[in-house]
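Participant: So the chains spell out like this:
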Amino acid sequence: MLTLALESSAKAASAAVFEEEKMLAFAIQNAGLTHSRTLLPMAEGLMRQLDLPLSRLDRVAVSRGPGSFTGLRIGMAEAKGLCWALDIPAVGVSTLEAMAWGGPVLDGQMLCCCMDARRGQLYNALFTVEGGRLVRLTPDRAISAAELQSELIARQEPWILLGDGAELCYNTLDRSQVAVFIAPEPLRLQNARGVALAALGQDPVPAGELMPAYLRLSQAERERLARMKTE
Amino acid sequence: MKILAVESSCDETAVAVVEDGRKVLADEIFSQVKLHEIYGGVVPEIAARSHLEVIVPLADRALKTAGLARRDIDAVACTYAPGLIGAVLVGVNFAKSAALALGVPLIPVHHIRGHIAANYLAFPGLEPPFVCLAISGGNTMLVDVRGYTDMRVLGQTRDDAAGECFDKSARVLGLGYPGGKPIDDLSKQGRDDAYDLPRPSVNDGNPFDMSFSGLKTAVVNLAHHAEQTGQPLDKPGLAASLCRAVSEMLVGRTMDAARMLGYPAVAVAGGVAANSRIRADFAAACQAAGRTLYVPPLRLCGDNAAMIGAQGYYEYQAGHTADSSLNAYATMEL
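Respectively, the protein sequence lines represent chains R and A.
The first sequence maps to residues 10 to 240 in the numbering used here.
The second sequence maps to residues 9 to 342 in the numbering used here.
By construction, these hints were calculated from the structure, which means they are not laboratory data.
Treat the hints with caution; some may be incorrect.
Calculated cross-link-like contacts (lysine to any residue; reagent style SDA-like; alpha-carbon spacing at most 25 Å) [unchecked claim]:
1) A:K72 <-> R:K238
2) A:K31 <-> A:Y185
3) A:K42 <-> R:E240
4) R:K238 <-> A:V50
5) A:K31 <-> A:I93
6) R:K20 <-> A:Y337
7) R:K20 <-> A:N335
8) A:K10 <-> R:K20
9) R:K20 <-> A:K72
Source: prediction; values computed, not measured.
Please take these sequences and the hints and turn them into a complete structure.
Facilitator: Written out as structure tokens, the structure reads:
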């Protein structure tokens, strides 16, 4: 089963090609260029270097969120375009789960995945590893650093912090109460390799049913709801 | 040549199939008007989210309506500029991935060029050269269409678009959003000389450039003044006077341009071309001047993908294709 994985939920964009759980090729762009210009050419280039026509793909995996709204839509729209044209299914995976799969997946390890969600929040999910597989401890959510701190303290483990919110988390948490370590840079950020690994255990859906999980309403909707509450 | 065309520049998601630039085989549209109504205008983030949700079902429906299989598609065209950037990005990234996977050319199309090309779908005999006035909620532009892909902007608005002027006037009159149709409807019950509204002109060079913000402000001030003083506002009269003012600003310049260039054909395009006063005034002016008027039916005036497929055909003929690095742009010269 040949999978193309796309990741564009934050500053970097990356693409990977997997045959089952084996990575055949990987490319990343972390120079601040727009994903709309770089992601698809990377995917096209990987397939060409592998001498594989796109028609050989069995499915496309992509981060469905959380993350940059625009970034997510670029990856999702590309996944939908490819899947629609090739008539193959898609797999949308949690950005935070993909992030965990890109980290130190070692038995017993506790993984705290966090992205800076602004507005005083983190997008976060907690995982551990058993028998070489990720075990999810929480759903994906938007959460304040203070709430996250009490959860981490309650679990009393040493935690590995992953994601672009790792430093923010490290600096905010009271480290006298909970042991936290920032993963080294190459393991810290979500990428297409993690997306492909996270997609392995998941059932694909038709391209039309592939939906993003922003975890947050648009600003206009939030403000409207707030106004309705106060009125 | 059968072109699959995608449009997502504002609040309409559309996918069409057009053959040889002139024949519409499918023209599917999902309008988001209901999603934006409660906000009194298009919310870019909501628009972009909606485009992503409906684009695949629309593409499926377009193929089905056209009675085609994916392998029958010869090229993919898409609006790549101008528009709400988050919205345009969805269509561009879907279209370029589909083109790549289908192994067919990708054709980027300027949204306003698409509006102009709606005339080719409505009028099989129409060919350049002609003068075209493109009027919508986001654009107001007078164009010398010298060839299918050879265009020169004669003049454009320096500030608000004509459609924006209608939308904002409709808001202060309490007519809701979008404002074009309710203003048009209300104007039919009023006298067009009820209010003496300004027809701002731009006096620093180009006689074809326009300005609508002063007209909009005049309407807003009249409405606010009436509210503050408790005087009754003749809303139908104000709507009719507004339609007349906008129409006079547009029709006069367009006819001047046709006379200057010596073109027998005058075309109108874009959502504001649905306004009945503007249509009637153009019909009368063209008849008086002995020129032929082309205004597409209402369905082709608003945003749609068939017009992108039509223009896409001529862009392809001119060699204007793109590769998988195609980006979307909020603004772009015609």
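Participant: Given the hint that K20 (chain R) pairs with Y337 (chain A), does the C-alpha gap stay at or below 25 Å?
Facilitator: holds, 19 Å
Participant: Need the status of pair K42 (chain A), E240 (chain R): alpha-carbon distance at most 25 Å?
Facilitator: Given pair K42 (chain A), E240 (chain R) holds - Cα atoms ~23 Å apart, limit 25 Å.
Participant: Given the hinted pair K31 (chain A) and I93 (chain A), is their alpha-carbon gap at most 25 Å?
Facilitator: Violated, at roughly 29 Å.
Participant: Would you mind confirming whether the straight-line C-alpha gap from K20 (chain R) to N335 (chain A) stays at or under 25 Å?
Facilitator: Holds. K20 (chain R) to N335 (chain A) sits at ~17 Å (cutoff 25 Å).
Participant: Would the pair K72 (chain A) and K238 (chain R) pass a check requiring their Cα atoms to be no farther apart than 25 Å?
Facilitator: violated, 45 Å
Participant: K20 (chain R) and K72 (chain A) were given as a pair; does the straight-line alpha-carbon distance stay at or below 25 Å?
Facilitator: Cα-Cα ~38 Å, so violated.
Participant: Would you mind confirming whether the straight-line C-alpha gap from K10 (chain A) to K20 (chain R) stays at or under 25 Å?
Facilitator: Violated. K10 (chain A) to K20 (chain R) sits at ~38 Å, over the 25 Å cutoff.
Participant: Straight-line Cα separation of K238 (chain R) and V50 (chain A) no greater than 25 Å?
Facilitator: holds, 23 Å
Participant: What's the verdict on K31 (chain A) and Y185 (chain A), does the C-alpha distance respect the 25 Å limit or exceed it?
Facilitator: Violated - the C-alpha atoms of Y185 (chain A) and K31 (chain A) are around 33 Å apart, more than 25 Å.
Checked against the numbered hints above, the structure violates hints 1, 2, 5, 8, 9; every other hint is satisfied.
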